[in-house]
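Student: Relying on the hints, combine the two individually framed chains into one complex.
Those sequence lines, one after another, are chains G and F.
Letter by letter, the first sequence follows residues 1 to 336 in our numbering.
Letter by letter, the second sequence follows residues 337 to 594 in our numbering.
Bear in mind the hints are in silico, worked out from the structure with no lab data behind them.
One should not assume that every hint holds.
Said to hold, decoys possible - Straight-line Cα separation of at most 25 Å, DSS-like style, residue types lysine-lysine; simulated pairs:
id, chain 1, residue 1, chain 2, residue 2
1, G, K283, G, K323
2, F, K411, G, K3
3, F, K376, G, K3
4, G, K259, G, K234
5, G, K32, G, K98
6, G, K32, G, K91
7, F, K558, G, K10
8, G, K170, G, K32
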Amino acid sequence: MEKSTQQNIKLGVFVITGILLFMAGMWMIGDKQHLFGNMVSVYSVFSNTNGLREGNNVRYSGINVGTVRNIQLVDDTTIVVEMSIQTDAVKHMKTDAKAAITSDGLVGNMIVNILHGSPKGLRVEKGDTLPSLSRVRTDEMLNTLSVTNENAALLTAELLKITRQISEGKGVVGALLRDTSITLDVKATISQIREASRKASVTLQRLDQTIASLDQKNTVIGFLKDTLTTNKLKKTTQNVQVASGQLRDVITQLESTVKNVNSTVSEIRDSKGVLHQLTKDQKMSGDVRQAITELDSTLIQLHSAGIRVNETLEALRYHWLLKGAFKKMEKEKVKE
Amino acid sequence: MILFQSWRQNISDFLEETGELAFFAGRFFREVTRRPFEFKELLRQCYNIGNRSLLLVAVTGFIIGLVFTLQSRPKMMELGAEAWLPSMVGISIVREIGPIITALICAGRIGSGIGAEIGSMRVTEQIDAMEVSGTNPFKYLVVTRILATTLMIPLLVVMSDFVALMGSWLVESIKGDVSFFYYFDEVFVSLDFADLIPSTVKTFFFGFAIGLVGCFKGYNCKHGTAGVGVAANSAVVETSMVLFIIDFVSVLVSDLIF
Chain G
1 MEKSTQQNIK LGVFVITGIL LFMAGMWMIG DKQHLFGNMV SVYSVFSNTN
51 GLREGNNVRY SGINVGTVRN IQLVDDTTIV VEMSIQTDAV KHMKTDAKAA
101 ITSDGLVGNM IVNILHGSPK GLRVEKGDTL PSLSRVRTDE MLNTLSVTNE
151 NAALLTAELL KITRQISEGK GVVGALLRDT SITLDVKATI SQIREASRKA
201 SVTLQRLDQT IASLDQKNTV IGFLKDTLTT NKLKKTTQNV QVASGQLRDV
251 ITQLESTVKN VNSTVSEIRD SKGVLHQLTK DQKMSGDVRQ AITELDSTLI
301 QLHSAGIRVN ETLEALRYHW LLKGAFKKME KEKVKE
Chain F
337 MILFQSWRQN ISDFLEETGE LAFFAGRFFR EVTRRPFEFK ELLRQCYNIG
387 NRSLLLVAVT GFIIGLVFTL QSRPKMMELG AEAWLPSMVG ISIVREIGPI
437 ITALICAGRI GSGIGAEIGS MRVTEQIDAM EVSGTNPFKY LVVTRILATT
487 LMIPLLVVMS DFVALMGSWL VESIKGDVSF FYYFDEVFVS LDFADLIPST
537 VKTFFFGFAI GLVGCFKGYN CKHGTAGVGV AANSAVVETS MVLFIIDFVS
587 VLVSDLIF
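Bound conformation, chain F alone (with noise of 0.2 Å):
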């Protein structure tokens, strides 16, 4: 009976949650077209997201083409399909791999980063001050947060394919001695608009949610400092869990469509 209580009590929280969180999506989408807009503060995020995660976002990606490859070629040498290789590689990474390791290194830097420091400035009442001084908090905190996740992982997501492919090559070129444009041309004749296009739409959605999770998560901190690391890791732990939805979600919805 108290575990079925337990139970009862967490499905409740869970659909509260969803609640808020869509309310609060909800007040996002109509604040984002009132005025004033925040540009300058956009910019900042813009690049403290964007600009500041690359070389993370870009060593990942490298590191996992090069692994990848690695892993990948001497199966592919035992089945006499050497040749495939940058063909398989080309499409896991601008389909699938190259999207969802970028969106949950994002979830931990970005969504992480994001619920602290607005769970702190709720903790400390900044966003109370910036409310009794004439400062709309959320359009100021939050819009521009959600907004410039949106439009920077899917610029790190191309950034991190692009990079990802030059260390997959790096192997294809050490143990295959394969050339810069025979891989890549190898790599774009067996890509098609049905993989780039879905998979870098998705990449918005990814963003908006990395944003959206951790604004909510910040800015609906409780208990004090404790509350903001909570905020922090499960922003964090969300997301990503939202992320690999969208993700499936995204896959049904591209092969109806293509």
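Looking at chain G on its own, in the form it has when it is part of the complex (with noise of 0.2 Å):
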């Protein structure tokens, strides 16, 4: 009994690890075709689909992002293949980006590649469709190729007839190979070619000799060079500046002050006050003048007038009836 329970244990476990196995590889397979994450179609057309199966990858920036869904055949050049592709790719998609059916390596499955859009485009959205690039095909290759055979066998019998005209002497270029003379002169000419780079050759080495001279700093280019007096220069250029915006500053206010005085001159020019009457009316002015000498001549009286009554003061401090009535006051402006 103990036996048997200990069988079917093993049998447990024999069956449930052989069913998780199966179910790993189910699901491996299923992960790589993008089945169970969140997906989202997308659609491009395409006249010709090179091979391209259901099933097989679509590629993003060398990323396997999704799988083809469904191709359809809509009428004999249009081809409507679905895409089922990561949601997490698509956000980085542009409605510009192009889709392409390309080959996984030489002999790889085909593979829709989707090449980068602008950075402008707007951003993939679910049902949206891809514009399509259509892929070189190799009879297309061929065709060409053909066509580009054909031109070179035409061109290979021209050149073969020119060929024959040169070395027969026909012709410019014959004539230049079959003539001695000519060849003589073009010798003559590349020698004294040959002599001109030679002096050439000796004027730029002392050209250059001139250009490394002027670095020196007891030149003016090697004055100019040298980064102190640069800076001195720079200095004293940014002093004369403001020195001359403070010039500019003081002489816009004399300008306004000269315009001040004018202004006021020419209101005491049109006014009819005193200083008008004064700087017009020489009677007045004379009156006027006559007046200043008389007031200032009884000035010197009152001057005179008032230091006598100073002394008569200064007597009757010391008359017996104004003595007291002098020190009372002394002694309240002490107290004060």
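Tutor: Right, dumping it as structure tokens:
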């Protein structure tokens, strides 16, 4: 009985292990075919699918992001390919991205390769149709190659004719090859060119030396190239600029002052006030001058009278009748 | 004339045996749905067929994966297609080599065992005794064994595939410094449901054929103990033939469906 139970347990382990391995295999295959993730259907229209099959990979930036879900022949030149692409990958695709059917390596399966769109393009959404890029087929390449071959054959035939004519001495090139005097002229020309190039080389060397000497500090260019001098010059220029700015302000202020004076003067001239009369009426100015002279003499007389009053008051201080009052006044002043 | 008669006799025997086998299968389908169900015997047979064959199947599978990769690797390297080795080995093992090799091994071990066991019971009249005692020997001996082989062979094939891929990866790891995850990633990238599902479905037919032919040969065993050896031997030979026919038909059908 116990043996039977052990056998059943072992059998259970065996069965579960087998089923788990099978399920793991199924899951791995499904995962590789992007069957279990969040997928979005995107379409593209081709005129030739070049052997693309349902289940083939869809690649974006070199990463397998989905599979071909369905291929539908709409008419003789329109084939709609439905691609199931991961949502995470679709987020980065633009509506102007192009879908091309290419081969996965030299002998690999066909794949849909989605090429990058422009950064300004809109984001691809579910059900969008991407523009397709037609691939150059082998038969088209061979056709082009055939035309190229025919052209090459015609060119070779023409070249053969030209070569024959040259070897027979016909035409300018033939004459060049046949005529010995031209050969001598060409040799002399080459010799002259060689001499000219030698002289040019010497001239260039001298020019090079001259340019090198300019770098020394004792020359004007060297002085200018010296960074310290340049800095000083810059600073001086800045100071001059500041000073000229200040000078400009002063001139502006002076101009405004002169304008004010002018306006004041013109106002004085135009008005009928005292100053205008003083400047215009000579009789009045003479009267004023005389009045000032009299006023001056009056002031001198007042000054001398004041001195006399002071002397009189000083004498009164010592009079017996007023002496007490003056003392009382002095005490009050001290108290204050 | 004698040769013609011999051929005629052989063809007649073959057709007769095929007919008997068909009736035997029909009786199985009748009995399998009828009560009583021999669950304990079914579990015992599952254990004998599944668990006890696991070591043999695993070792064989491991060696097949190992040898297959070792043999293929130099040629693939010559072609510059070394990177395709995991895909090639994976598809080969899952689609064909794993199921057929496991089935042939099981035909040898289990088919002959069933044929010999039931045959010896027949010649020693144990089956007759069971009938006399009221037990249905067909249900107890045949139905349980055919069901057990039908259910256990697919599991053995799955395990054999896994072990064979492990053996292949071991060679790739040693010779090509290929990591476990990269190897199995390459294998499963190249595999499709159209590879795994038909190859798994056909293993149920393989298991059924192994059980059916083994039980048929044993149940109809004649001529004493010498007949037991003949039954065991013919069970293996005929099962192998049937396995290849089933394999061929399954490939045709799966090509039509997928």
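Student: If a hint holds in the structure, say so; if it doesn't, say that too.
Tutor: Okay, the hints, checked on the actual structure:
1. G/K283 - G/K323: 56 Å, violated
2. F/K411 - G/K3: Between F/K411 and G/K3 the Cα gap is close to 51 Å, so the pair fails against 25 Å, i.e. violated.
3. F/K376 - G/K3: 13 Å, holds
4. G/K259 - G/K234: It is violated: about 37 Å lies between the C-alpha atoms, which goes past 25 Å.
5. G/K32 - G/K98: 24 Å, holds
6. G/K32 - G/K91: 20 Å, holds
7. F/K558 - G/K10: 36 Å, violated
8. G/K170 - G/K32: 73 Å, violated
In this structure, the earlier hints numbered 1, 2, 4, 7 and 8 are contradicted, and the remaining ones agree with it.
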